[in-house]
Amino acid sequence: MKIKKALTFALATVLGISALTACSNTVSENSDNGGSTPASGGNTPAKITLTNVSYDPTRELYEAYNKAFQAHWKEKTGGEIEISQSHGGSGKQALEVANGLEADVVTLALEYDVKAVQDAGLIEDGWVSEFEKDSSPYTSTIVFLVRKGNPKNIKDWDDVVKEGVGVITPNPKTSGGARWNYLAAWAYADKKFGGDEAQIKKFIEALFKNVLVLDSGARGATNSFVQNKQGDVLLAWENEAYLSIQDYPDDYEIITPSISILAQPSVAIVDKVVDKRGTREAATEYLNYLYSDEAQRIAGQNFYRPSNPDILDEFKDTFDLNVNLVTINDFGGWDKAQETHFTDGGVFDQIYEG
Amino acid sequence: MDKTQDQSKNAKIVKWLLISISTLFIAVMLLLPLVTVIIEAFRQGFEVYLKAIADEYTVKATLLTLEATLFAVVINTVFGLFAAWTVTKFKFHGKKLLTTLIDIPVTVSPIIAGLIFVLTFGRQSFIYPLLEKADVKIVFAVPGIVLATIFVTFPFISRELIPVLEAQGTDEEEAAALMGASLPRIFTKVTFPHIKWAFLYGVVLCTARAMGEFGAVSVLSGHIRGKTNTLPLHVEILFNEFKYVPAFAVSSILVILAVIVLIIRSVVEYHGKKDG
Amino acid sequence: MKRSKRVIPGFGLSMGVTLSILGLVVVIPLASLVVFTAQMSFADIIKTITRDRILASFRVSFLTAFIASLINLVMGVILAWVLVRYKFPFKRILDGMIELPFALPTAVAGITLTSLTADTGLFGKFFGIFGVKIAYTRIGITVALVFIGIPFVVRAVQPVLEKLDASYEEAAGVLGASRSKIFFKVILPEIMPAALTGFGLAFGRCIGEYGSVVFIAGNKPFETEITPLIIMSELQEYDYPSATAIALVMLIASFVILFATNLIQARSAKILKGDS
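Residue numbers (our numbering), protein chains in the order written: chain V, 1 to 354; chain G, 1001 to 1276; chain U, 2001 to 2276.
Treat the hints as calculated values from the structure; they're not laboratory data. Relax, there's no trap hidden among the hints.
As a list, the in silico EDC-like pairs of lysine to aspartate or glutamate whose alpha-carbon atoms are at most 16 Å apart: (1) G:1189 <-> G:1171; (2) V:76 <-> V:285; (3) U:2163 <-> G:1269; (4) U:2220 <-> V:349; (5) V:192 <-> V:159; (6) U:2220 <-> V:205; (7) V:276 <-> G:1135; (8) G:1243 <-> V:247; (9) V:336 <-> U:2237; (10) U:2091 <-> G:1269; (11) G:1243 <-> V:60; (12) V:47 <-> V:82; (13) G:1243 <-> V:63; (14) G:1196 <-> U:2162; (15) V:272 <-> G:1132; (16) V:209 <-> U:2223; (17) U:2220 <-> V:353.
If you want the ones that stay clear, here's a sample from chain G, every Cβ over 12 Å from chain V, calculated: (18) 1031; (19) 1047; (20) 1181; (21) 1196; (22) 1199; (23) 1203; (24) 1259; (25) 1266.
For each residue, glycine too, the CB sits at the ideal point set by N, CA and C.
Produce the entire structure from the sequences given, and follow the hints as far as they go.
As structure tokens, then:
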């Protein structure tokens, strides 16, 4: 009898909990009327919602771009469009999309991260060539942020590895941006030592010996450098460095090294999701419009390098266009770079374990 | 007589020494960080503060946080009462295993807590096709956040009740049962008066922790602005936007909410103890 | 008393509720972690978790968590004692603040503590005079963990102390026992089980803590890199098997810690019963 009673109650509890979850689910569902809802008898098209899953440093960029795009969409179709943004570490964001976060488009830091979504079966093969410039509408690079007056006289990578210089960079294991930092330093050393791997490794080792704090993400590193005044040089995304300068014009300077890396953030349509929600058309237009002159200028204003050379030229006073930029292809592509440098037991681990 | 006087003098010294240590500890470890949060929140003046907390997304995040907290407290209360009753009033095999399982969620890293729900309900889970067919979203949606919040606060209420009930023993309940009292009656008349303060602590602890949970929710939320952002996540987002002041302003909402809960507790406790 | 027939009603009901909620919220999700890890061969799991860097992170996590929990054990007992037994101004406020570390999102706590203890911060400057660095060292991690763990011991001990009859001590006092003797012989054994539970929970929680620690730790491999951060980085590399394997180790560790504290608690509870 007791067992029967217990079972009854167990069942009731299970039902109760499912009811609770279902109920809170409806709440979220209501606010999430996807684009597939057909217009109910009116002339005006239904309001479309898109979710753009992006990475940390692009918040300001997409805040501005989404407004521009909404205006453009209205002009083109007469309809309303709403864009939900999600930001976070690029790798983590890719993982969440792969695990079921419903994103119509992803705009991530690395091709490698988009590929992770593709590997989960959500994006079809060939997405790289779906949009112009290898689906990379804007680029960035890695620069040095130093304290005003550059007290340690840091001009190039050689100065960063000097003894007594405190370096702040996020951890390449947890931050996509930090991988660019690492590879940029590697590219410099590669050129300097003519490809002598032992010496390059020594150089990178010296660099990380100087690292005082390895924050888990780019913004944490900026915080350590700017708010807590740690270290002499911050290895940062160019756009992040400019944002810091904007906030504290009297405290910091940007130094562009002689060699850096061309960071190409990738954008893609998440095919499985747009097909399910019926938002392919809007999503395509959303990413296409990133290449328009207007959007390219917005990118430039947010300190991303526009991929359109003419627009880039308009910003030649902002960006140091003389810097020698290597690309990820010089490292044999992301898969190879990841495999060689950042997997467990890779070169980065050896530096610390050696 | 000398000896007792000596003793009471000693006792006084010990008393004030202990009070000083406690106060210093709390001041340094708790008060100072909190004051820092408040100072940072108001660094750019009251207007900026107001704007930050009246922001549309902040309001939505606050509502979501309250919703998740409410679910967590209700479910954990039901669970806590039954679990504490089961563990302390009966003898059975595997009791230690049971209590350990109850405690586990507190000690599971928030990262892992998020991860296990993603593994259970996410795309690589074997029940995902079922969920998808039913169009039920759990991970990266509100239910996931609620689940994670329940999980991290899971043992708080039962854990407060168990030691007290254990210390109290089972004699009174047994006597009542032998006299023929029913279960609800035994519970409300005999057991509950013993545990009401512990229960209150548990609810407060649970509420506070549920509001502030960051790690597990962060893994499960998807961070979609205005939809799946709780207050702590909103703080993180603001911080990552270099908006330090608004970030601290939003944190101060959590502090204020916590203070409200604590004041309510104090009032209830004060009246209760005066009556009791 | 030793009659094992259950006199108190409601065993089936309360057991049923307890087990079903426990199963849904805790056991099934945790099982998925085990299932996921089982996709790796045992040799691979061992290989993954015995890498130097991961072993080093275990050392950092366990060591700092243990020290922090010890501090919290001592301070928690003192705080609970002071809050229950003494009357002094502002006691209510002191009491009310204990839960605040829960309500403050861990990330905010981390950022605030870092800014206070970095060499430009209030404490950082002070300790810098003595050449002690707090932020970005293991001391910093410990400070953050003390903050996180404060409520556990206090709130576990407090209800028991409140229930503990002061007449006990008075009797012992009348019999001529010294104050310290009363404390160590009479009171401490009574509150020890609760204090140990609090310690166990705090310890477990500290091992897994992520949000507050990543800001203050510096995260340097082999020095200040904690295990949850490693799990996070494995996830970022889409290395699910490694992440779950390490997570499983942590899970087993917290299970063992909790099981041990529960055993100790049960034993001391038994001794107590025998004495009284």
